[in-house]
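Student: Letter by letter, the chains look like this.
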Amino acid sequence: MLPINKHHGIVIPLDRANVDTDAIIPKQFLKSIKKSGFGPNLFDEWRYLDHGEPGINPKNRELNPDFILNKHNYRDGTILLSRENFGCGSSREHAPWALLDYGIRIILAPSFADIFYGNCFKNGILPIQISDELTDLFFKKALSKIGLNLTIDLEKQLIITDDDKYNFKVDEFKKHCLMNGLDDIGLTLVYGEDIKDFENNYYNQYPWLTK
Amino acid sequence: MALTLYEKIFNRHVVREDNGTYLIYIDRHLVHEVTSPQAFEGLRIADREIWRTNSILAVPDHNVPTTGREKGILDPISKIQIDTLDDNCKKNKLMQFQMDDIRQGIVHVIGPEQGSTLPGMTIVCGDSHTSTHGAFGALAVGIGTSEVEHVLATQCLILKKFKTMLINISGTLGDHVSAKDIALHIIGQIGTAGGTGHAIEFSGSAIKNLSMEGRMTLCNMAIEAGSRAGLVGVDYKTIDYLKSKPFSPLGENWEKAVTDWKNLVSDKDAKFDKKIEIDASSIEPQVTWGTSPEMVCSINDKIPDPLQEKNLSNQKGYQGALEYMGLKKGTSIKDIKLDKIFIGSCTNSRIEDLRKAAGIVKRKKVAKNIKLALVVPGSGLVKNQAEEEGLDKIFINAGFEWRDPGCSMCLAMNADRLEPHERCASTSNRNFEGRQGQGGRTHLVSPEMAAAAAIHGKFVDVREAS
Ligand code: SF4
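Protein chains in written order, with the numbering used here: chain A, 181 to 391; chain B, 67 to 532.
Chain A extracted, bound-state conformation:
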């Protein structure tokens, strides 16, 4: 997993609430059995004017010029800004894979759907919950002519603009894993003996559950 420590990037303001995982990556792309290659189809139905299917070369498709990702200023953006309940809907992990494959490393929103929030950390994306006021302020700046560049300092838990700094919260353990690019499974298997001990007791106590 790609670690994040300090990240500097352009903010893409996606001014919508309840952006669901179907919108992030439409279901026709879920049929892939790989983890990569979803980037060109991120927000497919909003991003293109024609209907996308797996296997169609994105170069031959018609971009929706009104969609924020397609606007010149935001094309190199790596920080996504959105409204409340970002990532709601199905638990598909293809959503963070698509965001990551596109190049998004940070998502800022006033709230996130639970499963999506957890899935981000497992895939090298940092979701940051920010206040409504800060959301409004960032939207205003990001939508202005000059746009908004941010530095995210994960270690110090700071969002840094040209003239201000804002703290954010993040779970210590998730932070540790994200900063070091650590994979959960390896971490858990360190406790393999504990799991075995647990099983011995457990199946004694609940004998109708078979190991």
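Keep in mind that a hint or two might mislead.
Here are the simulated lysine to any residue pairs, SDA-like style, with alpha carbons at most 20 Å apart [what the hints assert, rightly or not]:
#1 B:Lys376 with A:Ser311
#2 A:Lys354 with B:Gly86
#3 A:Lys215 with B:Ala112
#4 B:Lys145 with B:Ala478
#5 A:Lys215 with B:Ile111
#6 A:Lys354 with B:Tyr88
It is worth saying that the hints were derived from the structure and are not from the lab.
Once you have looked at the hints, place chain B with the ligand on chain A.
Tutor: This is chain B with the ligand only, laid out in the frame that chain A set:
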């Protein structure tokens, strides 16, 4: 100390705790073809073994065709996913109900049907509607593919404690008002983020009176209220339902299990972080009008005026939804004409759902303006049962198509889908943009409401129409 049902189940499964982060042991792992291939691939790459193959039950459901199965799967990409699942199950010696197995069906229908969902269990599946299994007093949560891989390799899930919410539904439901209407009503009240971070327990007389299937419908939709887990305490109905299911314990073990399961209710004085009271008698048949399950109203209502919304971002959301849905404020729900009808999905495809819908369409015909009316049973066994009862004939005579089990038009990953601008009364759980096909317009309703809509070609109040 008085404990909630959620806490009781959680506590039994703690392998270790580290500063509020728990390693939780998982009893049952349900697997389907869409969210598992990358997990198996991850294991292979890291050269890791599956911790407990016995915990796994696999089934293809999202991609399977619902007609002409004898011809195999025509869509090459769907075929790859299903073949990959077959392959992974074979290589790892996992229990799988393949497409031609009578036990095949939607993962959340077959788990309980087989008794592989038992009270007190922790159950996971790479699918958000895993909350369904909470109807049995189990802690069931949907997980992402990385977590699927984690559970495969370690039999554990890393979890924080959820907050707890009690939704008490007192009183009696009116005739033709169902668990689906309760679910939609609740989501209308608390919103799609109302349960975020919480495990929701449903209690009260209206829940006691629900069948196990009704409870599954309700817990299934807990995720649409933002909650990863829905729960109902164990009672005699839970135990009756599980008796002599294929995976249920037998003999002495059954007795021991039942003794234990009877304690799987929240203690009288248990504290919840949030409590909500709802009067069942006030719930009317519900219809969603927008692109989120919280955009819902009663059959006798009119479509709301977005400008009446105080919250600005809601206002925009409502406007966008009406535009997408091709609807205007002030229109009566009863004036909405439909193109397609879908009775199916893990929310409403069990035998009781089909019986209720059949009760409405019996000796009637699907309206002329309906281009397609589909019934997709939740499993091969549900289909069989329905055919034994002659329900298939009732549907077919009325003009419905009677299909093979799978997710079908709930998410339109197979050939069953809406065309742009087609309007559908659907018993599924999500009305998101494009969910049932690009540009398709979904109205979520109960099976009886969908059946009545099929007959009339538009929404009607099933209480008057039947
Ligand atoms: S029926 Fe629909 S909601 Fe249920 S598991 Fe299948 S796709 Fe998901």
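Student: Work down the list of hints and note, for each, if the structure agrees.
Tutor: Results of checking the hints against the structure:
| no. | hint | result |
| --- | --- | --- |
| 1 | B:Lys376 with A:Ser311 | 19 Å, holds |
| 2 | A:Lys354 with B:Gly86 | 12 Å, holds |
| 3 | A:Lys215 with B:Ala112 | 15 Å, holds |
| 4 | B:Lys145 with B:Ala478 | 15 Å, holds |
| 5 | A:Lys215 with B:Ile111 | 13 Å, holds |
| 6 | A:Lys354 with B:Tyr88 | 13 Å, holds |
In this structure, none of the earlier numbered hints is contradicted; all agree with it.
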